[in-house]
Structures are given as structure tokens and as C-alpha cells.
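Once you have looked at the hints, place chain B on chain A.
Protein chains: 2
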Amino acid sequence: MFTPVKNTKVYEQVIEQIKYMIVSGELKKGDRLPPERELVERLQVSRTSVREALRALQIIGLVECKQGGGNFIREQFEDNLIEPLSLMFTLQDSRNSEILELRRVLEVETASLAARSITDEELNALAEIIAGMKSHPDEQENVVLDKRFHYIIARASRNNLIVSILTAVSSLMDSFIKEAREAIINRDENKETLLEHHEKIYKALADHDEKKAAKVMEDHMNMIIKNMDLY
Amino acid sequence: MFTPVKNTKVYEQVIEQIKYMIVSGELKKGDRLPPERELVERLQVSRTSVREALRALQIIGLVECKQGGGNFIREQFEDNLIEPLSLMFTLQDSRNSEILELRRVLEVETASLAARSITDEELNALAEIIAGMKSHPDEQENVVLDKRFHYIIARASRNNLIVSILTAVSSLMDSFIKEAREAIINRDENKETLLEHHEKIYKALADHDEKKAAKVMEDHMNMIIKNMDLY
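Keeping their order, the protein sequence lines are chains A and B. First residue of the first sequence: 6, per my numbering; consecutive thereafter. First residue of the second sequence: 6, per my numbering; consecutive thereafter.
Here chain A stands alone, though its shape is the one from the complex (with noise of 0.2 Å):
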């Protein structure tokens, strides 16, 4: 299981080994590492060169220390995303529309698939968010029943990796253009809009219509694009 040793420093290989373990099944989400000093004598390195490699695991994401001791493979991992995509977008210079068509693309699909195997329970849940969208939130409260309805449908959509994805780009959206998102959910002309949206999402979720679903996730994503060039 070892690699070979090419010209990299031994951190990096002890963290390849770790992979190497996640890769092969050894270790799953959640799972502890061995402690310290069983790595030293498995890989036969020096101490500090495991504890670098732990303190760069941890740093993107994919170790976490808990208190009491012991390093363990983290359970969420969106947040690994949102770190690179939030830099990198900073530093190509992107443009805000960027993210909101990434967003699009992204939860037009959900919905297509979340049409073909949402439960009854999720279903339930979105009812309940709409109701709650009816009874005049305040605009805070507003915000986090949207998200919350759009993270319902994703995770519908049973596909872990298009979640993160859009976990991360939600996360974008509040670095870069929180105001203005905020602004076009509470704006009082949008909010019949939005709400007969919604409506039409839960509607064509709860009658497993594919085509339907996407149809009225894109013009809900067309309607806030056009009121971000508003903005």
C-alpha cells in the first residue's frame, strides 16, 4: 500500500496513505483514525510529520479533532467546497451572474429528479414551508423558509454530489450577493409571484411530473435572475 517515493515531503505521503484508506473502505464517514503514535509506527515516519498531515486534513475539511481527543472523518463535507469554489471565484474575477446560472442549471435538474422520488414525508415538509411562507414571516424568517425549501428538493433528488455542489453555491450567494437575494424574496411585488411559485413546485413534485417540475423550477430561477439585473 505504500507509494513510491517521488520527490514530495513526507506529510504529503502520510496524507496519501490516509486517503489510500478512505479510498479502500478502511475508513468511512465518521469513523475515528488510529491515534497518533499508531500512524507514527504504521507509516513509519516521524511524529511531526503526522501531525502536519492532520493539521492539513483538517484545514480543508476532511479531518476534524474533537474535544476529548481523537481525530475523526467529518461527517459534512459541503463546506470543503465552499472554501475553493468562494476563492476561486474571487480571484478569476467572476461575475455575479455566474453563480445564479450555476444555480439554475443546477436546481432545474433537482427538481426534475426529485419529481421522480420524493416521499411523502419531504412532501409534507414543503407544504408545511409554504404555509409558513403565507402567514407573513418577517424577512429573516423568510429567507431561511426559501433556503429550506430549496434544500428539501435537493436532497430529493437523491444525488449527494449535485447537493453539495448547490450547498456550496447557496454559500456563494450569501458571500456575494446576499443583499440583493434577500431584497428580491422580500420585495412586496415579488412576494405573490413567489409564492404562486412555489406553489407550482410542491404541485408538480406531488404529481411525480418530471418535465412539469423542471418547467416551473426554471421560470422561478428565470424570474429571480431578472430581478437581479433589477437590482
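In short, the hints are calculated from the structure, not lab data. Keep in mind that the hints are not guaranteed to be accurate.
Since the list can't tell identical chains apart, any single copy or any two copies may satisfy a pair.
What the hints assert, rightly or not - As a list, the in silico DSS-like pairs of lysine-lysine whose alpha-carbon atoms are at most 30 Å apart:
no.: 1; residue 1: Lys14; residue 2: Lys231
no.: 2; residue 1: Lys71; residue 2: Lys205
no.: 3; residue 1: Lys183; residue 2: Lys217
no.: 4; residue 1: Lys183; residue 2: Lys14
no.: 5; residue 1: Lys183; residue 2: Lys220
no.: 6; residue 1: Lys217; residue 2: Lys152
no.: 7; residue 1: Lys205; residue 2: Lys217
no.: 8; residue 1: Lys33; residue 2: Lys183
no.: 9; residue 1: Lys139; residue 2: Lys208
no.: 10; residue 1: Lys152; residue 2: Lys139
no.: 11; residue 1: Lys139; residue 2: Lys231
no.: 12; residue 1: Lys24; residue 2: Lys183
no.: 13; residue 1: Lys24; residue 2: Lys152
no.: 14; residue 1: Lys220; residue 2: Lys196
no.: 15; residue 1: Lys152; residue 2: Lys196
no.: 16; residue 1: Lys231; residue 2: Lys220
no.: 17; residue 1: Lys220; residue 2: Lys205
no.: 18; residue 1: Lys24; residue 2: Lys14
no.: 19; residue 1: Lys196; residue 2: Lys217
no.: 20; residue 1: Lys139; residue 2: Lys205
Every value quoted in this text rests on a predicted model; they were computed, and no experiment measured them.
For chain B alone, kept in the frame of chain A given last:
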């Protein structure tokens, strides 16, 4: 510019400061970072903490250390996504179909966006690739031509965020379903259909027909996904 000293380690604060330099525009792609001793003075931290931070930034692929000394902000960022996506994919016990669903939706979107903004030069490059595909390349060349074709279209979408994710997805395919991908491209009974698809995609892009481009790209992706099922 200094963040409050929370319950974070010193090297994490150094990383935050460097990120701040990026977000504020002080550091751009390809820029050289201030030398270690300058960072030590500016941030009032130990040399060890600065080194730990730089090492972490190298590991996540944001910073590269060039021969002859000096740390630079990297020009290419796709790699930053590949690692976390790939580990995430493994740890979440994801299905191969998740990669393909993600690729389909992003490719269809890039085709639609590219129809709007593709240049004559890019169209010529696509035409050359199609000519290359017709000239009976060997299996390996064929895969390279196919990847290049799709990459040019992705770039022509003028959405760097989508290009980055699509590049990472293509890497995921290479890690997890490389053989299936190559087999589909090189299977004799597929060759004619694939060539036809590429020609149709080229034509729709040359006509700057967004809907048509999306449609023919979707047919192309669906054919690949169907073949993946057979594999």
C-alpha cells in the same frame, strides 16, 4: 484588518489574513506573496505559524511554491475542487450515475450558453477536432479529442465557475468510471452515432441556436448514460 482572536489557532489566523488580501484585491492570480519574514512582521506571529499557514495553503492548492523560492497564488484552480469532490464522492458511497447526472446537466447548460458567445476561432477548433475524429485515431487519441471538444464548449460558455466544476467532474469520471468512458467512446457501433452527435452539436453552435445546442447536447449525454447502464 485583523480578525478578533477567537478560539482559533495562530496559523488559522494567518490563513484568514492571506484570504483577506485576496478578497480585498491586494493579491491576485499569479501574484507573489510577501516573503515569510515580511508576513512575520506584518502579522506579528511566529515564523513557525507563517510556515504552517503557507503549507496548508499549498496543500489546498491555493498557493504554489516555485523553485528558486517564493510563494505564488496559483493560476489554475480546478484542482482545488477535484480533491474534495473526489473524497466526498467516495465517502458518501455515491453512485456513478450521480457523476453522469451532474455532467449531463452542466454540459447541456454550457452548450446553451456557448451558442450565445462562441467565437469563430473556437468553432474552427471544434471543426478540426471533428476532422480528427473522422481520421480513425487510435483509442487513446479518440478520448483526448472527445475531452478537448467538450472542454472548448465549456470555455465558450464564459462561465468560469461552471468550467471549473465541469473540469473537476471530468476528473471524477477518470477516477471512477474511466474504463467505461473509454469503452463507450471506442465501441465500434457507437462511433458513427458519436460523430453524428458531435457534428450536430457543432452545427447548432455555429448557428448560435441556444435551444438546439442544448437539445443535441442532451441527446448526446443521454446516449452516453444509456451506454453506461449497459456497461
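ask   = Of the hints given before, which are not true for this structure?
value = 1 and 2
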